[in-house]
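Top line first, the protein sequences correspond to chains A and B. Residues are numbered in my numbering as their position in the first sequence, beginning at 1, plus a constant of 603. Residues are numbered in my numbering as their position in the second sequence, beginning at 1, plus a constant of 5.
Because the hints were derived from the structure by calculation, they are not lab data. Please note: incorrect hints may appear among the correct ones.
In silico DSS-like cross-links for lysine-lysine, where the CA-CA straight-line distance does not exceed 25 Å [said to hold, decoys possible]: (1) K39(B) <-> K1175(A); (2) K981(A) <-> K662(A); (3) K981(A) <-> K39(B); (4) K737(A) <-> K655(A); (5) K953(A) <-> K655(A); (6) K953(A) <-> K664(A); (7) K981(A) <-> K188(B); (8) K691(A) <-> K664(A); (9) K737(A) <-> K691(A).
Label pairs and their calculated CB-CB ranges [claimed, not checked]: (10) P1179(A) <-> N95(B): 49 to 55 Å; (11) P1112(A) <-> D108(B): 50 to 56 Å; (12) K1176(A) <-> A57(B): 29 to 35 Å; (13) E1041(A) <-> R16(B): 28 to 34 Å; (14) E110(B) <-> G1160(A): 48 to 54 Å.
All C-beta atoms in this analysis are idealised placements derived from N, C-alpha and C, irrespective of residue type, glycine included.
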Amino acid sequence: MARSCGIRLGQRHASLVLLDGSAKRPKLRAHLEVETPVGGEDPLDALADALKSAVRSSKLKLADAEIRLAIDSGLAAFRPLSLPFADKAKIEEVLKFEIESRLPQWDIEDVICDFHVRRATPVESDLMVVAVRKADLAARIGVATRAGLEPHDAEIEASALFEAARHGALLATDAAQLLVHVGERTTTLVVAEGGRLASIRALQLDLLGAPQDAPVPAEGEPDDLATAAPLPANVAAPERRRNVAERLARELLRTLSAGQREFAIAAVYVCGTHLPELVEFDAQGNATGPHAVIADVPLAPLDALREAAPELALAERLRLVPAFGAALHGLGANGLTPHLRREDLRYAGKFERLEVPLGVLGLFLLTLTTALYIVDYKVVQARELDLGAWIRSNDNYLLGSTTNDTRGRLPLAPDAIKNYSRAIAQGPDGDLERTRFEQLERLRGLIASEIVRLENELGTRTEIEPPQSALEALTAALDVIHGMGEQLGRFAIREVVRAEYRPGTAGAPDSVSIVLNMTFWGDLEATRAYNDLMNELERQPWVTAVARRATNTLEGGGGIYVDGLGIDIDTKKIPPPSRASEGAL
Amino acid sequence: MKLFRSLNSTRIIIIGSFIGALTMGGLVYAQKQKLAELDERLRPSGAPQLVAELQTRALELANLQRLADREQFKQRDDAEYYMRSVASHNYVNIGTVDTVRSDNERRQGAIDTIITIKPPRGGKNAYTRDSISNFLYKLEADSRRVRVTRIAIRPESGQRARPHEVGGDRWTFDIDATIRQPKE
């Protein structure tokens, strides 16, 4: 639900109204008033402190409320202005230029100008321009801000008064009304005709006798548009109130009797400070007092809060009218659309205040990330070149280099390997689907596939251990015999009975069993040679067993022979042959 | 629409720069990942090791190519034909041989195809030691798959000398050549 807080800031008095609901059916949720004594410290400082402590003690939650400020009408100058167009944007463009000559007392650059459309046709507009010195407005905004109530927009009491009367259905479309707000220093008179704003006056009628800083009206301004001259400050309070009432009555009479109006003023509605010397209202709103009727027009209370806050006393409701009108603007009421916080006093929300730092931060982050990207890109390029060097070096190793006139280690490489290696050595474009490292892996895969293909072709790709070679075992045994040379004397291998592979069993590994028939010539030398051979064979690490057999004397003597000499060999234990002892062919 | 109405140059810069920074941040992150991967690849355990392994495999392949060039008995060839062709080789000069083929599962999961090779029955059956030894050598040297698993070398039949006698150095043989293959 929309919430709106209206604040009326006078010279020594401030009121606050918190509404929620809609502009048509607002509900008063809270209100407060503060007043500072005459004399002493700066009245605005005192007002700020008083407002702040009042808000704090009342524990008002205003974080989500639209805050509107209504300032003393006496701070403003009002000028009518006619322009030959009604477009709001165009009016905004020319407003200051058009009004500058009408505000000779101020430098136009020191002034905030707002306007209200009194009448408008497509080709002409009749405006009421409101001009306030920036310093005055900034000081009032500062008061509210110090109290923790920074206003989203600001206006003068007169527009708030008009909006409140409009809400209270006091503005008849077939009559004129005079709206009066009696302030502690300034009395505001607003004339509405046919439901529209007609004129505004701010009368310097000081009830308190405080120092004044009101603008000096321009010379030659029409009476009903200029501010009235202030009362002398050295008059005693009761006398001052009587004087104020008398002067106000005279001003009302002058206003009521002024001509050039479409409708005659049918009612005078009064609100603000209670001034019984002028008029007094009972609970039903009946007027009594010395000036209850002026020029046959009865004075009536401007009781705009009647429906919104019936529980409040009439006098209290009448004091809250300007704050109520400002709060109505916060809820979206648009009888008038005041907008004084503009130019360099424009309201800036939290995000707007962060815009510049955020923009700078965003640009900084963008610059930083872009710089990081460029630096990293360069480093990545350098790393890619390094990987490329490995690939080119590998290509030279495999296939050779025409530049260096070197031969490769894989001269018979299949086309798939050759083409791929050459392609990726040219650059990354050789295989766009892979990174440089993946290209190397792919090349390894191609070579591995070719190895598998060749192993399959050769039939060597098996995990099964091949049988031990009887030829290898026999050659190893014969090599021992050959190596003994003269030590064996004269001998003969009469028969290789068998050299046979024996598959291993659970307890014994694969082996080759050799059985020889041999003859050794000589007497004692034959037996010694046989024993030496047995001993030499037994010393070999790859001989697993030697079956010594009984020897027989050769027929006629002169030597011995042995049949079935057994030698078991594990060929896996035979050291690899040297080149010199490799095959005979 | 309200969003677009409230856009001003500062807000456009904020939105644009933050979107740009986020995009560039993503690209930088991806680039950093790529850089980290490249650094990892260039460590000694990365590309250098891969290239070394690749070159080792290339040498292995070159060796296999040489073996394949020399291999006389390829898997698709007939084993007995291979044995006979070796026996007929110039350096062997054994000529015709009798072969008997048998299969034996001596090792679990493997089939040993055993070719028993003998001189032809009724034909020439005496050979020099050179012929027999060259025959045995070439059977294994020309094929990585063949192992000579049984050898018996006896003096030529009819020329059997007694232990104290010196024979005529003519020999006959009876051998087994085995080809071990995984069981299908």
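Handout entry: Hint numbers contradicted by this structure
Key = 1, 2, 7, 8, 10, 11 and 13
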